[in-house]
Every structure is written in C-alpha cells, then in structure tokens.
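Undergrad: As you go down the protein sequences, you meet chains A and B in turn. According to UniProt numbering, the first sequence holds residues 1 to 278 in order. According to UniProt numbering, the second sequence holds residues 1 to 278 in order.
Rather than coming from a laboratory, the hints here were simulated on the basis of the structure. The reader is advised that the hints may include incorrect statements.
Ranges between beta-carbon positions, derived for each pair [what the hints assert, rightly or not]:
| id | chain 1 | residue 1 | chain 2 | residue 2 | range |
| --- | --- | --- | --- | --- | --- |
| 1 | B | GLU75 | A | ARG182 | 41 to 47 Å |
| 2 | B | ALA82 | A | GLY267 | 39 to 45 Å |
| 3 | A | ASN260 | B | ASN260 | 33 to 39 Å |
| 4 | A | ASP127 | B | ILE58 | 53 to 59 Å |
| 5 | B | GLU75 | A | ARG134 | 53 to 59 Å |
| 6 | A | GLN183 | B | GLU272 | 29 to 35 Å |
| 7 | A | ASN260 | B | ARG134 | 23 to 29 Å |
| 8 | A | ASP133 | B | GLN217 | 45 to 51 Å |
| 9 | B | GLY252 | A | ASP59 | 40 to 46 Å |
| 10 | A | GLN217 | B | GLY252 | 40 to 46 Å |
| 11 | A | ASP127 | B | SER276 | 27 to 33 Å |
| 12 | B | ASP57 | A | ASN260 | 35 to 41 Å |
Glycine included, C-beta positions come from ideal geometry on N, C-alpha and C.
Here is what each chain is made of, one letter per residue.
Protein chains: 2
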Amino acid sequence: MTESTAFTVACAQTDPVIGDIDANIAMTESAIREAAGLGASLVVLPECASGGWAFTDIDESRRAAQRVDDGPTIEAWSSLAAELGVWVCGGFGEIDGDHVFNSAALIGPEGVASVYRKVHLWNTENDAFTLGDRGFGVVDTPLGRIGMMICYDAWFPESVRSLALQGADLVLAPSDWVPNPRQQPGPSLAQIMTMSAAHSNQVYVAASSRVGVERGQPFIGSSVIVDHEGWLLAGPAPATEAIITAVIDPIGSRTDRADNPFNRPLGDRRPEAYTSSK
Amino acid sequence: MTESTAFTVACAQTDPVIGDIDANIAMTESAIREAAGLGASLVVLPECASGGWAFTDIDESRRAAQRVDDGPTIEAWSSLAAELGVWVCGGFGEIDGDHVFNSAALIGPEGVASVYRKVHLWNTENDAFTLGDRGFGVVDTPLGRIGMMICYDAWFPESVRSLALQGADLVLAPSDWVPNPRQQPGPSLAQIMTMSAAHSNQVYVAASSRVGVERGQPFIGSSVIVDHEGWLLAGPAPATEAIITAVIDPIGSRTDRADNPFNRPLGDRRPEAYTSSK
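Given only the sequences and the hints, what does the whole structure look like? Please build it.
TA: See the structure below:
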C-alpha cells in the first residue's frame, strides 16, 4: 500500500493594516493557527499580507518591507511553520539593497524554501515596487513541485505556463484581487483566469486574495482552490476574513495528468507554430 | 463625424452530416442567409462545417475534404459572401497534396482572404488530419485585423497570444466543442478558455460551435461572442441550430485597449522572465 500524497490546502483571507507589521503578524498568526486546526498542511495568505499594498512610492513601501534573512514576518511565519508542522505561503514587501519587491515566500517546517518576486506589476504598483528580477521558479517539496505567482501575474498566461514547463504540480497565488469595473453575474475574471490557467496547464492552483478597503481601493476576496482539470474545489470565498480548504493530491495526480488523452496541454503544444516577441 | 466601425457578428451553429458536402452546403447557406437577415456583416460557422469531423483516418477525411482553389464549399460560401455583401468564416477539410488539414477559411465579398490550418489536433483527430503547418496568422480586413483558431487551439494560451502579438483585434474560432466529463454548474471550460483568452489579450473572440451527435460524439453548441475585456456579449447558445449575434467594434476599440491602465496585457508582458520550451 502506498502512502497517501493527498493533503489539505487552505486559503486564508486577511485584511492587512497598511504599514503595521506587528498587527499583520498577529492577524496572519491567527489565520495560520485556525487553518492548521482545520487540518491544513499548507496555508496560503494574500499578496502583501505582511505590510499592506497601496503604497504611494518606493520610500513608503520600503518602510513596510523586510529582508528575507531577518524580517520579522518571515521569522514569525517560519516559527509557526516549525511549531505547527505546516507550510505557509504569503506575500510580503521584500527589501534587497535599494529594491523593494512585491514578493511571496514559501516556508516549510524547516524554514524558507523559496521566494518569488512579482514579475508583472499592475498599474500604480509600478510606483511602489521594483519589477521582479528572477522570473518564475519551481521548488520540489514533500507536498509536490510548487511554484508561485502573485495576483496580476495570473492575467499573463505565460506565468503558469512557465511554471508548468518547469514541472509544477501546484501553483500558489497570493493575490489582492480588485473589483472589475464591468463585472457580469457569474465568476470574477480572477476566477476565470485561475480556472483557465489550471486547466490549460493541468496544475492545481490555490489563490488567496485579501479583503477590506485600503486607501479607497476595495478588494473582493473570492479566493479559490482549483484542481488540475480547472474545476473549483473550494470557493469563491466571500469578501470577509474567511478560510477555505480543499484536499488536493499534486503528486498523486501526476500519472493521470500525463496519461490524459482528453486534455494534454503540455504534450500537445507546438512551440514552432507560436509567435513570440522574444 | 467619423464613420462607425462597429458591425454585427453572428455565430451560426449547425449540425453537419458527415461526408455529405452538398447537404452541408445547403445547411450553411441557410444559416448564412438567416444571419445576414439579422444584420450580420460576418458569419462564423463551426469547425468542419463542410464535411463533418469524426473521421477514422486520413483516407476517409480526404473524401470529405476539398482544395481551396476549386472546392465546392469554398465556392458556395464565396458566392454567398459576394451576393450578400458579408464575410463568412467556416471550418472545412482542406486537401493540399497528400495532406488533409482541419482548416478554416475567412471569405469576404471579394473572395478568400485567409486560410488557417489547425495547429493543435485533439485526441483522435491526429489519425484523421495533418498538423497545421503554417502557424497563426492575422489578416487586415475592413472589419479589423482578424485571426483564426479552431476549437482545441483555445486550450493553448499561445494561440490567441500569437494572434494578439500580430495585432489581431478579433479572433474567430470555428469549434466542435464536446462535453467535459466533469462539467460543473456554470460556464463550460470552453467558455472559460474563450473569456480568459479575450481578456488576457484584449481581443474580441467569436467562437461558433457545432451541435448534434456524430458517431457517438455529442457536441455542446454553447457558442459565445466575447468582447475585448473578456465579457460575454452573446451566448452561450443552446445546443440547437441557433444563431447568436452581437455588435462589436474591433477597430474602434483600439485606442481604449492601448490606453487601458486597468489591464495592459500586451504592454505589461515580460518575455525575458518567461520559461520557454523553444
């Protein structure tokens, strides 16, 4: 009998206080403990869960940012991961020299496993953050091969494709989804982008979005957990500090995904036929 | 005062008879005339509307296929386009030497403007057709810059991206959409792929899918017309021989699309950050 590779993933929506690292550590600690209590082995927090998002410029975003090596939020999440035996993925402002990146960390019981720097900055984010300089990466963990993206990255199909081409089983997407000015009844565009990315790459996606209003910008929550065929397992969450969970099996699904004649999105690609701007 | 560049596009669902070119010419003629009567300047027909789809092998598909130069379906659609002053886009089996492609033609009042050969063959299609050998192309018409894809191509985000990078305003997608074995309540995956492609490329998409059952394979209809922000303008159509229409403005929307800070899917791309299998 094979050991099960399935586990519970949670998306925990929070409403960060801009600039208040301590308040946000307390808020995310509470969310992580609650999610662990629900059986989660992996807890995904929103984008910029450590310090808020709507900064005017880099000077201001830097005051709410931290280094990976000794940042207080990273240390708090690492301690919780070790104590509870869980993995945590969350967004934080990352200082590296003169730069402030809109980053996400993946932290396991033994510490930081991976840091991702948001590649696609949206709208006024360009004033407050530096463009991610490391592309997309996948890290091999006991839960599966995990990649990260952040919010607006999901609007670019190249993001999840880049991770899938590197063998990702699961994509984590800390997000601060905002209302679409022309939202129709039915799924949000964020959900549509997430489902299509999961389906067209046969990867699980867990997208955790914040709630609340920051400097006039409302956020929609609406977190979703989508399976490797693009279907909803949990969510969309309401626009409150909710936690959604689902059981997923990134490692166990590898054979099914590789052998699926109905949809073979990597095997049937034809790169020689594509127009590239590279 | 500027002349309006808006026009009505129609997606006309048909239920082709496999192998019966004459019956399908009559069926599509009726659909084209009806759509023109509804005010359509452009009528999109399903994939393989000329001769059916579920062929066993290339020998069989060849018997229902035709050359662009002198094929009876292409001639019939061209005559109708000239007579009615409309544009027609429809799928047909295309013979070129030893090859049979799953192709789509875009035909204007003055004749064939463009032929597209399906790049991504799905499942058993690989037994019955040759892989498209010309990639994706865009043609400049009085209605806007138009590209084509066929059905499963929409599962590959590279398809519409390739067309958008070539300046497409409008993508036409003759399709034979099939039921998904795990369909949830809400939009079909086909619709989700179409909406996400439109949104992430700021292009209109008109996807016309067939109905009926062919050799045991049912089709879902569910045609949609989606605007350049990814929202539904018409559809999903029922699984009957229905026609849906919408007014679209591919040329007139160019300025809005270029100046949109909310979503700048081409301008905010970062090709240097993407993993490529090329």
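Undergrad: For every hint, state whether the structure bears it out.
TA: Status of the hints after comparison with the structure:
Evaluation of the 41 to 47 Å hint for GLU75 (chain B) and ARG182 (chain A) yields a pass: the beta carbon distance comes to about 42 Å. About 43 Å separates the C-beta atoms of ALA82 (chain B) and GLY267 (chain A), a value consistent with the hinted range of 39 to 45 Å. Roughly 37 Å separates the CB atoms of ASN260 (chain A) and ASN260 (chain B), a value that falls within the hinted 33 to 39 Å. Range check, ASP127 (chain A) to ILE58 (chain B): Cβ separation about 57 Å, and the 53 to 59 Å hint holds.
A hinted range of 53 to 59 Å for the beta carbons of GLU75 (chain B) and ARG134 (chain A) is consistent with their spacing of about 56 Å. Under the hint 29 to 35 Å, the C-beta atoms of GLN183 (chain A) and GLU272 (chain B), about 33 Å apart, fit the expected range. Here the CB-CB span from ASN260 (chain A) to ARG134 (chain B) is close to 28 Å, well matched to the stated 23 to 29 Å. Separated by about 48 Å at the C-beta atoms, ASP133 (chain A) and GLN217 (chain B) satisfy the suggested range of 45 to 51 Å.
Against the hinted window of 40 to 46 Å, the Cβ-Cβ separation of GLY252 (chain B) and ASP59 (chain A) comes to about 42 Å, which satisfies the hint. With their beta carbons about 30 Å apart, GLN217 (chain A) and GLY252 (chain B) fall outside the hinted range of 40 to 46 Å. Between ASP127 (chain A) and SER276 (chain B) the C-beta distance comes to about 30 Å, which sits within the given range of 27 to 33 Å. The supplied range of 35 to 41 Å is broken by ASP57 (chain B) and ASN260 (chain A), whose beta-carbon atoms lie about 23 Å from each other.
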